[in-house]
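Here the sequence shown stands for residues 1 to 154, where the numbers follow the UniProt record's numbering.
Wrong hints could be hidden among the right ones.
As the list claims (entries may be wrong) - Once the Cα atoms are required to be at most 25 Å apart in a straight line, the calculated PhoX-like pairs of lysine-lysine come out as:
1. K115 to K89
2. K59 to K39
3. K89 to K59
4. K153 to K39
5. K153 to K54
6. K39 to K54
7. K153 to K64
8. K78 to K64
9. K115 to K32
10. K32 to K22
Unchecked claim - The calculated label-pair distances, taken between Cβ atoms and stated as ranges, are:
11. R100 to I130: 20 to 28 Å
12. K32 to S123: 29 to 37 Å
13. R104 to S75: 29 to 37 Å
14. D149 to K64: 18 to 26 Å
15. E99 to A38: 17 to 25 Å
Worth flagging that the hints you see were computed from the coordinates, not collected in a lab. The structure presented is a predicted model; accordingly, all values stated were derived computationally and were not measured. We put the CB at the ideal spot given by N, CA and C, even for glycine.
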Amino acid sequence: MLFIFMGPSCTGKSTVAEELSKLTPSEIFSGKDYLRLAKNENEAWKVFNENLSKASEDKDISNKSIIYIVSEKESLSKIEGINNSITVKFASDLDFIKERFAKRMRGNLPSAVEKMIERQVASFDDVESILYVDTTDKNPAEIANTILDYIIKC
């Protein structure tokens, strides 16, 4: 099974991926983690893309799944041709995202970073998905269970 967790930074994608991996065997890739699969970027992407395609065809939740975490909307164009994935769009209240991001930066959120976050959040407004999750007030384990319940019902 292939899960695509997409959305702006600090919306809980990685945390929910960790929770989901406790419920079903999964390998998590984020950003350019796929580079570890080969010596150069093009070859690594080719191998990773093949792995994503294979995972998308396997509907047995007891088999090892791939969770691919995407925080940059531009990265979605690289996986457009992969069908049958479980796409989950993550969102959160903008102020909550800024608060989470500030914690990563030791409490300081420069104006340029704040504007970058606002652009990134807006960039995902028109992205469609099978599931939509607002993480502002939800527990990551609860979200992972919701995703798993959706898979089981399908």
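Tested hints:
Between the alpha carbons of K115 and K89 the distance comes to roughly 21 Å, so the proposed pair stays at or under 25 Å and holds. A C-alpha spacing of about 30 Å is found between K59 and K39, which places the hinted pair above 25 Å, so the restraint is violated. Proposed proximity of K89 and K59 is supported: the alpha carbons are some 20 Å apart, at most 25 Å. Taking the CA atoms of K153 and K39, the gap is near 40 Å; set against the 25 Å cutoff, the hint is violated.
A distance of roughly 22 Å separates the Cα atoms of K153 and K54; the hinted pair therefore holds under the 25 Å criterion. A threshold of 25 Å between alpha carbons decides the hint, and for K39 with K54 the separation of about 21 Å falls inside it, so the pair holds. Between the alpha carbons of K153 and K64 the distance comes to roughly 19 Å, so the proposed pair stays at or under 25 Å and holds. The hinted pair formed by K78 and K64 meets the criterion: a straight-line CA distance of about 22 Å does not exceed 25 Å.
With a C-alpha separation of about 24 Å, the suggested pairing of K115 with K32 holds against the 25 Å cut-off. With a C-alpha separation of about 23 Å, the suggested pair K32 and K22 falls inside the 25 Å cut-off, and the hint holds. In this structure, R100 and I130 meet the distance hint of 20 to 28 Å, their C-beta atoms being roughly 25 Å apart. At roughly 18 Å, the beta carbons of K32 and S123 sit outside the given window of 29 to 37 Å.
Hint check: R104 to S75, Cβ distance near 20 Å, so the stated range 29 to 37 Å is violated. Between D149 and K64 the beta carbons are some 20 Å apart, a value that agrees with the proposed interval 18 to 26 Å. Checked against the hint of 17 to 25 Å, the pair E99 and A38 fails, with Cβ atoms roughly 38 Å apart.
In terms of the numbered hints stated before, the structure departs from hints 2, 4, 12, 13, 15, listed from lowest to highest.
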